[in-house]
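**Q** With the hints as extra help, turn the sequences into a complete structure.
2 protein chains.
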Amino acid sequence: TLIGGEQMYGRYTQELGVYAKEEAARLRDGGGLRRVTSVRSRSAELLEYEKDPCAKCHVCTSRCQKFLISRVGEDWIFLILLGLVMALVSWVMDYAIAFCQQAQKWMYGGLDSNMLLQYLAWVTYPVVLITFSAGFTQILSPQAVGSGIPEMKTILRGVVLKEYLTFKTFVAKVIGLTCALGSGMPLGKEGPFVHVASLCAALLSKFLAALFGGLYKNELRNTEMLSAACAVGVGCCFAAPIGGVLFSIEVTSTFFAVRNYWRGFFAATFSAFIFRVLAVWNQDEETITALFKTRFRLDFPFDLQELPAFAILGIACGFGGALFVYLNRLIVECMRKQKTINKFLLRKRLVYPAMVTLIISTLTFPPGFGQFMAGQLTQHESLVALLDNRTWCRQGVAEEFDYISHSHAWKHPQVNVFITLILFIVMKFWMSAVATTMPVPCGAFMPVFLIGAAFGRLVGETMAIMFPDGIHADGSVYPIVPGGYAVVGAAALSGAVTHTVSTAVIVFELTGQISHILPVMIAVILANAVAQSLQPSLYDSIIRIKKLPYLPELGMGHHEKYNIRVEDIMVRDVRYITLSSSYREVQEVLMTGQLKTLALVESTDSMILLGSIERSQLQSLLSLQLGPTRRLDHLRRHAQDNGTHTHTLGAHTHLTSLDTMDSPPSPPCTHTHSYTSNSSNTSARHGVRFLVSVAEVILNPLPQIAEWEEQQLDEPVDFNNCKIDPAPFQLVERTSLHKTHTIFSLLGLDHAYVTSTGRLVGVVSLRELRKAIEGSVTVTGVKVRPPLASFRDSGNTTSVSEVTELHKLWNRHRGLSLPREPTPPDMEDQLDKDNKLLPKGS
Amino acid sequence: TLIGGEQMYGRYTQELGVYAKEEAARLRDGGGLRRVTSVRSRSAELLEYEKDPCAKCHVCTSRCQKFLISRVGEDWIFLILLGLVMALVSWVMDYAIAFCQQAQKWMYGGLDSNMLLQYLAWVTYPVVLITFSAGFTQILSPQAVGSGIPEMKTILRGVVLKEYLTFKTFVAKVIGLTCALGSGMPLGKEGPFVHVASLCAALLSKFLAALFGGLYKNELRNTEMLSAACAVGVGCCFAAPIGGVLFSIEVTSTFFAVRNYWRGFFAATFSAFIFRVLAVWNQDEETITALFKTRFRLDFPFDLQELPAFAILGIACGFGGALFVYLNRLIVECMRKQKTINKFLLRKRLVYPAMVTLIISTLTFPPGFGQFMAGQLTQHESLVALLDNRTWCRQGVAEEFDYISHSHAWKHPQVNVFITLILFIVMKFWMSAVATTMPVPCGAFMPVFLIGAAFGRLVGETMAIMFPDGIHADGSVYPIVPGGYAVVGAAALSGAVTHTVSTAVIVFELTGQISHILPVMIAVILANAVAQSLQPSLYDSIIRIKKLPYLPELGMGHHEKYNIRVEDIMVRDVRYITLSSSYREVQEVLMTGQLKTLALVESTDSMILLGSIERSQLQSLLSLQLGPTRRLDHLRRHAQDNGTHTHTLGAHTHLTSLDTMDSPPSPPCTHTHSYTSNSSNTSARHGVRFLVSVAEVILNPLPQIAEWEEQQLDEPVDFNNCKIDPAPFQLVERTSLHKTHTIFSLLGLDHAYVTSTGRLVGVVSLRELRKAIEGSVTVTGVKVRPPLASFRDSGNTTSVSEVTELHKLWNRHRGLSLPREPTPPDMEDQLDKDNKLLPKGS
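Those sequence lines, one after another, are chains A and B. Sequential numbering of the first sequence, starting at 1, is according to the UniProt record's numbering. Sequential numbering of the second sequence, starting at 1, is according to the UniProt record's numbering.
One thing to keep in mind: the hints can contain errors.
What the hints assert, rightly or not - Cβ-Cβ distance ranges computed for the label pairs, FRET-style:
1) A:Ser606 with B:Glu715: 42 to 48 angstroms
2) A:Leu203 with B:Leu327: 43 to 49 angstroms
3) A:Arg390 with B:Gln414: 49 to 55 angstroms
4) A:Arg544 with B:Arg297: 47 to 53 angstroms
5) A:Met107 with B:Arg295: 44 to 50 angstroms
6) A:Lys105 with B:Arg295: 36 to 42 angstroms
7) A:Ile465 with B:Arg259: 39 to 45 angstroms
8) B:Arg390 with A:Leu203: 30 to 36 angstroms
9) A:Ser533 with B:Ala209: 22 to 28 angstroms
10) A:Gln283 with B:Phe369: 50 to 56 angstroms
Calculated from the structure, these hints are not laboratory results. Glycine included, every Cβ here is placed at the ideal spot set by N, Cα and C.
**A** Dropping the structure here:
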């Protein structure tokens, strides 16, 4: 039932872990040829979403250190390149979109003799564009669907989402987005642009790594660059560098390193600069100004007594924002639950977007219903009109209202401008909520921004009607500026939907005026307060719908969450290897489990945690043990020993052929590596011959070889050439969920071991933590105890609970080493009393 | 030689640890009465700067959990109160300062008949004010001296600076600051206001805790509130909420939790709102507008071809900013090195500020040299004039320049306006650098901002002379706006001095116009790039001068820092207690060392780290063991045993008197606590009587008691009533300095234990880390190895070095449990080769 979501939002409709397991099962049944290869391929597949190796990223180890030294210079170049490319992309895309929309207008205008033809032209054009966009992205890269901000949030958290940062996705996203926006549907550019900028940064990194190598390959650096890229995305989309940086921080980060601040600022400023310079060079503008420049009066922007109206506007926008998020989720969930619709849509993937487009464009058809809701205006035109500094309603219906060619859209001969505005708001509201569920690259920021502006304009016009000469009591008359309300409404509604405060800054940069700063700030904060208490942000909502591997925030006011401890959620059945493990045990451990690293303990009895080893390291060890060098060695010795040349002849020829191409003696580590990576180091021809030989050796299971293999597997592992992380992150059983969550967020952990006085007792991964926070701790292997836990701290001694485990140890110790002294009777009494306060049990 | 710094900057002139040690020595020689009391008082003194108990603050434990649940409501109220109070303080202070400055003008204006009298009036007034300010703060609270931002940075890092957040300091800071600013010296309000707001938040917390208890006592909450308060401080000083939040984040944080973002925004917005509303209510303004409102044209704010000029302005400001920081430090260091000056100044603490004020005010005397540098203008008036949208130099010298009464200041009959500007810049530059070293509450932001504006105006006027009709080639003439350059220059220079980008936002909010966003951003980023590569920020410079316990940032490009490991800097001589320690050992351990917690290990042989115990817990244990209850118990039993009533008569009366006032049976923990805190729970009269009795018992060292005490000390410690942290932060020996630094910064640690496979081998505290980063790893007990370390990683196997310690263990293990298998000869070879690559030694 979950698969239907693919229609809606990209790919992550199933729990990723489940998917990974199924894949693994398929592979297992299909079967690898022999053990070694199957281990290798399976574990590669198992790690469907694997942790970024550098995602403890602030806390990185030696390999990150060298590059830190001399990279600052390279950073500048990279950021300039990124800004330049993104500004060009943004500008070209805007140009293409404007062209698309102009083409539709021409078609529509040229056919004004026949209403039916006009309607067909009006409707067909967006349907074709959207269908093309949906089909194109579906074929080329389904990961390009949707906003991209939720995915970036997840990627910056440290989780590698496969295929999300490839060239294919880049092409799909850019072309799909251009078509989608060109269709005139209520879709936005901001969210996808964050993704495009990140794609651009990732590709640029790869490109530069291929050219110059070294520095550009570092993954810590790439994460930093990705977060700068997010800022660039917003910055060059709106020509809003400061707002872009802040918005990207608010939307994608949990903890923000202030030392990375300047990167975002620099890149976003450069990008916004180039973006606007291009407009000047293209003679669109005389000089660099704001994208939606307003011309409100400076000397008296608003009256103090208008502030309550602004506050009410903010609160209303808060409710509106929450409603939008709820509506959006409701639509997606409805589509998923209706099995018949779901099945149909799954087979005909392009029907849904086409249908939605058809309905929306029919409703906005200007000679039809569209005349009551300014249907023929593009988003850009509508926004310019709404932010106009004239009052529409003054002296009847919009007499002096003749803004650049958009006048006829809003003033309808029969209908009041208020009706037009209300219809515009209501229709656009659900249209935007529906349109953003289409499987095309699209964002929701701009439509929401537009609705907010319209709502603000509505409130402003109402105020202008109520107080025609302004509120001010003194002699001078300062009429009310409805455009100011539109600015405030836009910021508040978009802030409510995205749960950000920085929309205020974006709005200043977009309009080029900061005079309404206090109303905007007040409205945005109130809208945020309302919306955050009702619904998650749109991006978090999508993360939940898509079931992305992201750690949710700990909500305030959830009582039980503070009483859950690590011991309630940890997986007790930890996969580990001991210092005396045999290769067979390593092989078995590798066959199961999903975590990228495995625990190394001293022995099964002591269980003292010594460190963790990456899977790939163990695979190397295993390959080394069963690898061709040793295999050949054995065969050669075997051949020498029994001297029978008849049935080992075939093997012998292999041996000699392998011998001739054996590289000069190298440390086993490199050798192994070149083997597991299909000998990429040797020349291609060499490599193919080598592989053929190896395959022959492996595929001819001589009886001695099988026996030798079994024997090899029983040997204890030689850890000498294995890189061990001697300090994996550890928690204790009593660590609270809250603390665990904070540590995981801060350090970007994937998993942490749970130890009890040095002994490994469990492991907690992102997955368990997520489940615990979402309140569904019901998976096998995970102990459910929240109902119990909620009663745990009801006693009056909260601090005692963390003490107990050491007391047990201490008591044991005392019992062993020292005779217990007789304590005075009153002390004994008190001890007993204390012991009663301590919770019994583990 | 360091003590002279007290003249300059508050108190932290000596290394705090040294001071603490001396204090401790003094106390030890002076002597407490008996052991128990001496232990208590000494360790209280030893912790001169102790770690905030909640400073692992994001990672807090159980006690923080309860309050999290229902505190959001209280937060709003608290933030509103804080905003309200700060807005009132800011407004009243502005009013008082304006009044002071007006008084000076009246005095100066009224005496225009006699030049000498006029001079005396002009000079005496600021000298008296500054001397009073210096004296007042010196007497009431020397901690109020200076900016306060460096201290807040340190406090938010988690270090408790004594006396920095008290009511005394609040009074001293507010009154001292008002006087200092009222004197008209080039001093700023911003930095001290950050401190004042934090003081206000801390006091408000205490007040509300006293009223409502519970929630307001939590320290994690207080830290969050302090960071919001910093934003309020900047916000209500400049009526710049967004800029305030960003500036406070940039200046005080290393890692920023995005979830605390809204607090700062909310409080700063509310505060800025009230601050400006007060101005409206006082009829100063008609409505809420910016503080330094500009009226630049909106349609064509600047030409694209002016951007190189803006860029050059930014770069020049970068150099200027670095020079300012250098100059400021140079002055302080000069004063310290000159022993004769130093000694003199130390005795006559008020001479230095009086002298500085005398020189500066003499130079600015309007009929004297001041006429060439607009000497009679206050900072506010100068800034308003500099941001004027008219061009001063057009058509000769400032013909049409008649801005509100400041015209005569800038246009001098004989001297060009350029000369005036240059003199203004040069004189104000060194004056500001000198003035900020005076021991009064003062900041440097505003003077620097003003100098930047003047420099920008200079560049702008030059441009206006060079291009009288503007640069634009098309038909329309857009003359150059020098005021825009002033805005850019102000943002760039203040950004360069403080190393922040958010001055750009502050400048928009201050002027109420955002049209120059791109020039400002470009200039600020360039200025930052230049300044950051030359000098530390002003606040970091002061932190170094004051030797505050702050962890410096890891600079880029310091090769050797990445090769230092924890084992190079850790203290190997760790104080620890074992599970079988006697009370005597605990007592000895408490007598030495400075860290707030002590390590608990299993035994001296195994050294396995079990957890850490706070000093106070151990002191409680010790007090309990030797405390009056047990003491009396012993005496009573002793008396009963030998039946001799003669010499224990005195003791016996004490016993009965103590018995009568003994509270009803309570658990020992509370009892102990009430004892150590001088029985604050009982009524005052009771308490005094109790204390007298205890003192008598303690002061009469009966021979049996002394013997009993010795016996008690030899008993093993009972850890049952002791709270143990079972998971103190641990590092391994091979952890790099870089990683250690990041973990310490992220988690706000004070110290971390170094373990080797569970065994405690050392401890690293903030102090060692700071020394290592500053490159002076020469203290006793700290192993110096950087020269060696720099060669360590010169081999080609960087990854190997972290592996070695486990190999040793493994080899040992192999040697013990399993017979070593014969390995094939080629493997042996490779192993040998590897071993050669591994560094020998510990």
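**Q** All the hints need checking, so say for each whether the structure fits it.
**A** Now for the hints, and whether the structure bears them out:
Take serine 606 of chain A and glutamate 715 of chain B: their Cβ atoms lie about 31 angstroms apart, and the range 42 to 48 angstroms is violated. Taken as a hint, the range 43 to 49 angstroms holds for the pair leucine 203 of chain A and leucine 327 of chain B, whose Cβ atoms sit roughly 46 angstroms apart. Between arginine 390 of chain A and glutamine 414 of chain B, the C-beta spacing of about 51 angstroms keeps the proposed range 49 to 55 angstroms intact. Checked against the given bound of 47 to 53 angstroms, the beta carbons of arginine 544 of chain A and arginine 297 of chain B, roughly 49 angstroms apart, stay inside it.
Separation of methionine 107 of chain A from arginine 295 of chain B is about 46 angstroms and conforms to the stated range, judged on CB atoms against 44 to 50 angstroms. Under the hint 36 to 42 angstroms, the C-beta atoms of lysine 105 of chain A and arginine 295 of chain B, about 39 angstroms apart, fit the expected range. Between isoleucine 465 of chain A and arginine 259 of chain B the beta carbon distance is about 41 angstroms. The supplied range of 39 to 45 angstroms therefore holds. Checked against the given bound of 30 to 36 angstroms, the beta carbons of arginine 390 of chain B and leucine 203 of chain A, roughly 50 angstroms apart, lie outside it.
Serine 533 of chain A and alanine 209 of chain B have their C-beta atoms about 26 angstroms apart, which keeps the hinted 22 to 28 angstroms range intact. Between glutamine 283 of chain A and phenylalanine 369 of chain B the C-beta distance comes to about 52 angstroms, which sits within the given range of 50 to 56 angstroms.
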